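Asker: Top line first, the protein sequences correspond to chains A and B.
Just so we're aligned: the first sequence equals residues 1 to 292 in the numbering used here.
Just so we're aligned: the second sequence equals residues 1 to 358 in the numbering used here.
These aren't lab readings, by the way, just hints derived from the structure by calculation.
It should be emphasised that the depicted structure is a prediction, and the values quoted were computed from it without experimental measurement.
Among the hints, erroneous ones may be present.
As the list claims (entries may be wrong) - FRET-style restraints, in silico, Cβ to Cβ:
no., chain 1, residue 1, chain 2, residue 2, range
1, B, Gly90, A, Leu15, 33 to 41 Å
2, A, Gly210, B, Cys63, 41 to 49 Å
3, B, Ser158, A, Val174, 55 to 63 Å
Claimed, not checked - Each computed BS3-like pair below joins lysine-lysine, with the alpha-carbon atoms no more than 25 Å apart:
no., chain 1, residue 1, chain 2, residue 2
4, B, Lys77, B, Lys205
5, B, Lys191, A, Lys201
6, A, Lys201, B, Lys182
7, B, Lys191, B, Lys205
8, A, Lys127, B, Lys205
9, A, Lys201, A, Lys127
To be verified - Only some residues are given here: those of chain B computed to face chain A with a beta carbon under 7 Å:
no., residue
10, Glu153
11, Glu230
12, Ser234
The beta-carbon is built from N, C-alpha and C at its ideal position, and this holds for glycine as well.
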Amino acid sequence: MAIFQKAYQGYAGPLSPPMSRTLVIFRYALADVFQSRLFVAFFFVCLLLSVLLMCFIYVYHNLELLLQFEVVPEELMAIDGTFFAFTMQLPQNGLLFLMILAIGPTMISPDIRNNAMPLYLSRPINKSSYILGKLLVLVFLGSLISWLPGLLLFFLQAYLGGGDWLGNNLQIPVASMATSLTWIISLSLLAFAVSARVNSKAVARIVFFGLLMLGSILGEVIEEVFGGWGGYIVNVFAALEVLTTALYNADPDVLGFVPKMPVEIAVMQFFFLVVMTLLILTRRIRAFQVVS
Amino acid sequence: MTIDSTNSDDNVAVASDEAAAKLRPAVSDRNVAENQNNSATGNESNQEFVDQQVPVIELDDLCVTFDHPVLDHLSAKMRGRCIGLLGPNGAGKTTLLNTLLGFNRPTSGRAVILGHDLSTDNQFVRSMVGYMPERDSYISGMTGIRFVRMMAELSGLSPRVALERAHEVFFYVGLGEARYRKIESYSLGMKQLAKLAQAIVHGPKLLFLDEPTNGLDPPARARMLQLIREIRESGDTHIIIASHLLQDIESCCDEVLVLKDGRIAKYCNLEEERRSNKQFLLMQIRGNENDFVEGLRSLGCEVAIPNRRRIKAILPDGVEVHQLYALAEQLSVQIRNLDYKRDSLEDIFMRAMDDDKV
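All chains should be modelled from the sequences, with the hints used to inform the complete structure.
Answerer: What follows is the structure in structure tokens.
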């Protein structure tokens with residue numbers, strides 16, 4: 001079907017493996033995300049945190065520099081699970097929230113609004129591939145600003161801190177990865193579920209933000225009225241704090257107020273959130289609308 | 001020659017062997033070559049060849065039910081190069097298309113596309129089909145070329161080949177100059193062409209077109225129909241068109257499937273159907289109409305007078321046209337005009353709608 005011939009011709013060449021179709025969605029969605037200069041700027045700002053922490057760890061182990069800055073090493077916070085949780089994970093959680101707030105609620109709604117789902121689903125991909133392709137964008141970007149630099153920081157500290165430190169803090173890379181991925185996946189799916197229900201990008205962002213804030217406020221109110229930790233069941237931020245503290249084996253007093261909720265409940269909260277959002281997505285993402 | 005074998009009890013519609021043999025181009029080139037050798041050995045081998053042909057679409061007691069039956073025990077073997085889906089609103093055309101695309105799961109029965117069962121080979125079937133939806137469908141924020149390239153990659157083409165074919169197909173449908181514009185800035189006609197472009201970019205074996213001329217002005221409609229005919233003539237692709245517009249179907253399709261209340265009201269090869277009604281004559285006369293009509297009836301003709309001075313007659317076997325002239329001379333009637341009447345698709349459709357039974 002050469003352009004100059006302007007005649008239709010079929011295609012009999014090789015086809016890519018079915019699994020690679022998910023990556024097509026990922027690749028195009030990723031390119032769309034980086035069309036926004038504002039997001040690119042935000043993304044690089046997110047990376048600055050890790051650079052700053054890397055500098056801190058380097059200086060922490062450089063006695064000459066510390067003396068030049070007139071800092072006594074013993075006065076500095078010890079680098080351990082609590083340090084990583086407090087200086088790295090908690091800020092990263094906030095950055096991940098902002099990142100997902102910026103792009104998550106806008107990823108599905110344009111396709112539904114413009115009736116693009118039949119175009120996707122008439123091809124050899126299914127709903128799961130579609131959702132996974134979109135999810136991979138947020139997982140990829142989120143990983144780049146959270147647990148991947150976290151691993152770098154960990155190995156830098158292990159290199160400078162020695163074998164003993166490494167042996168005593170092996171939970172840190174696992175905690176960084178597990179906490180970040182749990183937060184990214186659950187928030188992304190919630191953002192997608194909102195995006196699948198709300199057509200307008202701006203409104204979808206507001207609804208996403210509002211849902212999380214509402215859960216947080218409601219949790220606080222229930223906790224104030226009834227006491228105990230029951231109120232935190234609807235507060236996903238509280239669940240994240242509990243999970244972070246438990247996985248990093250961190251000191252709750254250093255991290256601030258951490259709800260005294262069993263970590264199993266926090267895990268169940270995220271599990272429930274993921275299941276609910278997947279249910280909504282599978283109901284909303286379909287090739288045609290049933291008119292009753 | 002008639003399209004027969006329509007079993008009213010089972011709602012089965014199958015083109016006759018003879019008709020199927022005439023639709024030989026419906027199979028792949030390789031099959032055609034093989035079967036041309038076979039057909040030379042006579043009718044028996046020709047019959048074998050027909051039996052070996054893989055229908056484009058085979059419906060086997062297919063039922064789809066939402067809160068009520070929408071498709072009701074459909075059975076058919078369709079072998080045409082371009083098949084029209086006709087029917088009034090709510091007849092089940094779009095549901096049938098959606099089912100063939102794998103969007104709906106059949107309640108019972110099965111559908112087989114180009115020899116592959118939808119229930120087991122759904123993903124493979126989707127790699128062979130292209131779909132142009134009725135409604136506006138696009139991915140916002142994308143240029144036309146990027147949109148079509150992405151669709152080609154999703155169908156399995158490599159990024160390089162997808163880009164190449166996206167350019168080619170844009171020029172083919174006539175949007176070459178607009179391919180770097182955002183799709184949302186396209187006019188309605190351009191969006192229709194872009195939808196066609198994404199449906200054919202990967203060279204599907206089977207192309208589903210749902211109301212392809214919706215909302216198009218006459219020149220754009222003519223252009224769309226011309227493209228569909230060209231794709232059909234290329235021999236690479238089978239086409240299924242769902243449309244309300246009988247003229248569109250008539251100008252593009254060689255077979256039609258008429259649906260009514262979720263059942264098959266008629267399935268036929270258009271050319272065969274028209275040829276079977278060759279004996280219809282439409283006459284305009286001057287003179288004693290009643291005597292002439294009586295005379296025609298005495299010859300065994302079925303006669304109808306659709307409007308003044310026009311007589312529609314069906315000649316029985318053995319009666320020739322010159323006998324009509326002889327009758328006219330005998331009754332001093334002038335035959336001012338005499339035409340063979342060919343059934344239009346509208347006639348076929350209206351008859352199908354009138355018949356409760358297939």
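Asker: None of the hints should be skipped; say for each whether it holds.
Answerer: Comparing the hints with the structure gives:
Checking the proposed 33 to 41 Å range against Gly90 of chain B and Leu15 of chain A shows it holds: the Cβ atoms sit about 37 Å from each other. Between Gly210 of chain A and Cys63 of chain B the Cβ separation comes to about 44 Å, which falls inside the hinted range of 41 to 49 Å. Restraint check, Ser158 of chain B to Val174 of chain A: a C-beta distance of roughly 38 Å breaks the suggested window 55 to 63 Å. Taking the CA atoms of Lys77 of chain B and Lys205 of chain B, the gap is near 17 Å; set against the 25 Å cutoff, the hint holds.
Under the criterion of a C-alpha separation no larger than 25 Å, the hint pairing Lys191 of chain B with Lys201 of chain A is consistent with the structure, at around 23 Å. At roughly 19 Å between alpha-carbon atoms, Lys201 of chain A and Lys182 of chain B fall within 25 Å of each other, so this suggested pair holds. About 23 Å separates the Cα atoms of Lys191 of chain B and Lys205 of chain B, which keeps this hinted pair within 25 Å; it holds. Proximity of Lys127 of chain A to Lys205 of chain B is assessed by CA-CA distance (about 23 Å); at most 25 Å being required, the pair is judged to hold.
Under the criterion of a C-alpha separation no larger than 25 Å, the hint pairing Lys201 of chain A with Lys127 of chain A is consistent with the structure, at around 21 Å. Interface hint at Glu153 of chain B: satisfied, since its Cβ lies 5 Å from the closest Cβ of chain A, which is below the 7 Å cut-off. For Glu230 of chain B, the shortest C-beta to C-beta distance to chain A is roughly 6 Å, which falls under 7 Å, so the interface hint holds. The interface hint given for Ser234 of chain B holds, since its Cβ lies 5 Å from the closest Cβ of chain A, which is under the 7 Å cut-off.
Going down the numbered hints, you'll see the structure goes against just number 3.
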